[in-house]
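Assemble the whole structure, with the sequences as input and the hints as a guide.
Here is how the chains run, residue by residue.
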Amino acid sequence: MGGREAVRIALQNIRANKLRAFFTVLGTVVGVTFLIAVITLLKGMDAYMKEEFAGRIYGHNTVLVRRVPEMSSEPVTEATWREWMRRPLWTHEDAEWLAANVRTPGMLAYAYDETGRVSDGRGREVSGVRVVGGSANWFAIRDLEFEAGRPFSRHEADRGVAVVVLGRDVADPLFPGRNPVGQTVRIHGFPYRVVGVMEKQGTLFGMSMDRVAIVPIKGPANGALFAYNSVEDISFKVPETPLMEEAQSELIGLGRTLRGLRPAEENNFSVETAESSLGFWNRVAGFMLMALPALVSISLLVGAVVIMNIMLVSVSQRTREIGIRKSLGARRKDVLMQFMIEAGTLSGVGGLVGIGLGIGLAQLVTAISPLPARVSGGAIALAIFLGIGVGLAAGVYPAWRASRLDPIVALRSE
Amino acid sequence: MTPPIILARGLEKHYDLGAETVRALRGVDLEIHRNEYVAIMGPSGSGKSTFMNLIGCLDTPSGGEYVLNGHPVAGMSDNELARVRNREIGFVFQTFNLLPRSTALENVELPLVYAGLGKGERRRRAREALEHVGLGDRMDHRPNQLSGGQRQRVAIARALVTRPSIILADEPTGNLDSVTSEEIMGLFARLHDEGQTIIMVTHEPDIASHAERVVTLRDGRIESDRRQTPVAPGVEWGHLPAAAEA
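The listed protein sequences correspond, in order, to chains A and B.
Heads up: the first sequence begins at 1 in this note's numbering, then just goes up one per residue.
Heads up: the second sequence begins at 1 in this note's numbering, then just goes up one per residue.
Simulated from the structure, these hints should not be mistaken for laboratory data.
Cβ atoms here follow ideal geometry from the backbone N, Cα and C, with glycine treated the same way.
Check before you lean on any hint, since a few could be wrong.
What the hints assert, rightly or not - Heads up, simulated DSSO-like pairs for lysine-lysine below, C-alpha to C-alpha not over 30 Å straight-line:
#1 B/119 with A/18
#2 B/119 with A/333
#3 A/50 with A/200
#4 A/18 with A/333
#5 A/200 with A/43
Said to hold, decoys possible - One-sided excerpt, in silico: chain A residues whose CB lies under 7 Å from chain B:
#6 5
#7 16
#8 327
#9 328
#10 329
#11 330
#12 332
#13 408
Said to hold, decoys possible - So the derived list for chain A, only partly shown, Cβ under 8 Å to chain B, looks like this:
#14 12
#15 331
#16 334
#17 407
#18 411
This is the structure in structure tokens:
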């Protein structure tokens, strides 16, 4: 008997016993639904971490040189922390020396961040603003869109002209209904002229990315809001990903030269990339991608037991049919195949329903929470494989029982 | 003389029931030739069901020899028995044994599915067989949409479709009224005229009277084996009274 014939018979039997079929595959449907939902959400979070989170903090194809790591993939001990705090600060001159000496193609920018208040000098004020002091290339290594105006120029950056680019969450409350470009704001008491407003960027883990003000690092804030002549992070952006490694090792080398470190001494600065900083997340995600589906698979196990039970009932109810088939020349193999394919088809259909429901569930979670979802082909393939596999595994024993029935006894049964 | 279709020599069948052994067949010798029409009779417990199971290759003998159309059956594996059942034997059962959810056509196709024939060929031969038993207009009916006589005709078409060496009928009229029984006997008579070998197990003398040879079993042995002039069925095939179609 051909496989197609068996699938046809299986589908016919499913149609004939819709309710029973539904209960039979309920476990499989639930298992596959949650499997798909969990993987879809995890993959979504993973993509979010890699593309949005790390991408926005570090920038694409960017090596970050700092005094202490921006993100640590290891738990930080007190000893580590003390060592970090003893490290020298980076200075404007250090950063410029790195820019002048690095040979890997790329562009270097440096910055200092501090939280501060921005006011319009006439009573309106926004506090908790991330005030970034950027060097000349700060905008050049980022893809930021402007809603109005422009970024500060190289000239303004180098000379430390008091100009500022505002984020929407600063510009909107200060200048409701008005164009902020050309207006003056006060940062840490110093007047700054607004030259541009950036487009809305949204939130990152609930934090506004638009509550920012970007000023030249050498402006009046240097030594007032920002530690004098200090740099918090030095970003080096390479034109293409394969250069990342080269840039990373060259910057470590230059950094050590600049600091005069001997070969035995540890780096007293950190060099990170988006990828290296995600080590911790990758471990968490990897573990969850193994553990959560494994947990969910327990429901598939329950589903398999249910399928096995119902298939056993089905075999005993259809003993007569098996006898008829055997009398007409069905071999053990034919009967075995028929019931295996029936179980596989049944749970395969359950798997497909589960995939649909799982994607739906993931979309629902995405709609009502900030968790992103990403449907992956791998998850769907896994679900189909598991769905059919559950049926086949559960079908083996009942099908074997069916195939072993004595045709004489089977024909005599009612 | 051509070799017999069925050759049984010293056929024995024992069943172990724990402490005691039931000897259902105690040495049966029988030859049946091509195009014979044989009725096998006997009271219950005579061993006729056991004998039929052996002839039908549903079971293997405990002793003796059974050759079906040149195939020695004793010692065959399950798969070989299934193959012989598929190719050599067309079963007709008392309770019809049709698959209830399949149409007449699908039921008749079933043995050909196990014979490994392609769909087109199966369809063609199943239609042919159904037309042969006068059910050309009932192919897409399910068993519960057919009368008892029609169901048995579907079963006969299913038995014929593989062009088997023997038709093996077990009480083929046991569930039918007398008019319909005669109709089925009329169909058997025609199949016999066309050259088919028919072996029919029955306990009804009326039904056995249509065969040309009657073998009677008693206590696991052949009691008598006599030839007779078959009685023509009361309903000749093709001239069915209206009542028979109801």
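Status of each hint after checking the structure:
no. : hint             : in the structure
1   : B/119 with A/18  : holds (27 Å)
2   : B/119 with A/333 : holds (20 Å)
3   : A/50 with A/200  : holds (21 Å)
4   : A/18 with A/333  : holds (27 Å)
5   : A/200 with A/43  : holds (26 Å)
6   : 5                : holds (6 Å)
7   : 16               : holds (5 Å)
8   : 327              : holds (5 Å)
9   : 328              : holds (4 Å)
10  : 329              : holds (2 Å)
11  : 330              : holds (5 Å)
12  : 332              : holds (6 Å)
13  : 408              : holds (5 Å)
14  : 12               : holds (7 Å)
15  : 331              : holds (4 Å)
16  : 334              : holds (6 Å)
17  : 407              : holds (5 Å)
18  : 411              : holds (7 Å)
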